[in-house]
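*Asks:* Okay, here's what each chain looks like letter by letter:
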Amino acid sequence: MSRKIGLGKKKELNAELNLTPFIDLLSTMVCFLLITAVWIEIGSVEIKQSKGTQAQESKKESYDLDVVFNSDKKISLNLKKGSRRVQRLVVNESDFEASITQLDTLIATKIKNFKNKAIDIATATVTPNSKVEYGHMVRALDVLRKNEIINIGVLSASGK
Amino acid sequence: MYLNQSLVASNPFEKHLIKRKRRGGWGKKALMMSLMLTSMVDMFSMLVVFLLQTFSSSPEIMITKGLNLPNSFTSAEVREAPVVSLSKDGNLYLDQVLVGETKKILKSPEMLIKKLNVIKNTWVEKHSGQPFPGEINLQADEKVKSTTVSSLMGILTNGQFQSIQLAVVGSN
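So the sequences go chain by chain: A and B. Here this note's numbering is used: the first residue of the first sequence is 6, the next is one more, and so on. Here this note's numbering is used: the first residue of the second sequence is 656, the next is one more, and so on.
So that you can see chain A by itself, here it is in the shape it has in the complex (with noise of 0.2 angstroms):
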């Protein structure tokens, strides 16, 4: 065919590309990355620290919450204005998984929604407990997060 069209004397080029290497390497390239591949997402809960008077200087009209931990079941919520507490809350239900349901209801109805009249939470500060394992703490902070409160600190016993 080729040698019909062009002029000159022309060679028909058969140029065979050898598949079974390119399947070899493709093959071997998905196995190792199906083996190398991690498969658990890990992701990161963000925590602001502030040093000493640091954070409360910058927030003299907003409003901060203070997520206390009593016990595993027990969790107390003040909510301030300034420095000033203008609202106290106690979640207190018969188990863990409860509180935290209860948490998650009381801070989108009676927090974020304080005195019917929607506001914003500049800081959260939780205070952890030891009877209080990490990982619930972890599902506090997810509580949180999940109503729009987003710089979270966590107060510790060497520094503020």
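Hints are computed from structural coordinates only; laboratory data are not their basis. All clues stand as given, with none of them false.
Below are the DSS-like pairs computed for lysine-lysine, each with C-alpha atoms no more than 30 angstroms apart in a straight line:
{"hint": "1", "chain 1": "B", "residue 1": "K775", "chain 2": "A", "residue 2": "K53"}
{"hint": "2", "chain 1": "A", "residue 1": "K136", "chain 2": "B", "residue 2": "K800"}
{"hint": "3", "chain 1": "B", "residue 1": "K743", "chain 2": "A", "residue 2": "K53"}
{"hint": "4", "chain 1": "B", "residue 1": "K798", "chain 2": "B", "residue 2": "K770"}
{"hint": "5", "chain 1": "B", "residue 1": "K743", "chain 2": "B", "residue 2": "K800"}
{"hint": "6", "chain 1": "B", "residue 1": "K769", "chain 2": "B", "residue 2": "K781"}
{"hint": "7", "chain 1": "B", "residue 1": "K720", "chain 2": "A", "residue 2": "K53"}
To list a few chain A residues with every Cβ distance to chain B over 12 angstroms, as calculated:
{"hint": "8", "residue": "S67"}
{"hint": "9", "residue": "K78"}
{"hint": "10", "residue": "R93"}
{"hint": "11", "residue": "A103"}
{"hint": "12", "residue": "L111"}
{"hint": "13", "residue": "A113"}
All values derive from a computational prediction rather than experimental measurement. Just so you know, even glycine gets a beta-carbon here, dropped at the ideal spot from N, CA and C.
Given the coordinates of chain A, assemble chain B onto it according to the supplied hints.
*Replies:* Same frame as chain A, now just chain B:
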């Protein structure tokens, strides 16, 4: 006649038998399977590209062996930073290297602070003119006491690592 293939037989029946044998044995039909190599190569290439894209888009951090991270449904993407790990057996690791027992380090954190300062100074030397972001990844077993984690956070904050990212298993 197939003389070159040594198909020489005296009668047609013998010829028929020889033909059958050549086709693939007695009583079996010759099996001719054609594999569509082009589409197979296409499929493989697409699979390789997909896997490379999926697993290279986000940075990965090493998880200390035997650590059960807590679950979170509001997790964000992990950022590259030094990793401090608190294991269930009571040991503390910094970038996969054992620093010591958590209890002892919480009582006298000088050694950890010294190591954190080395990391900080190395970062400052590499990124001259830029403010230190103070980012650190904190991995802790979900069964560890929350007060232990918060005490460690206090030490990290004092060591100017104020943006702490708690490593979690994303379940969203």
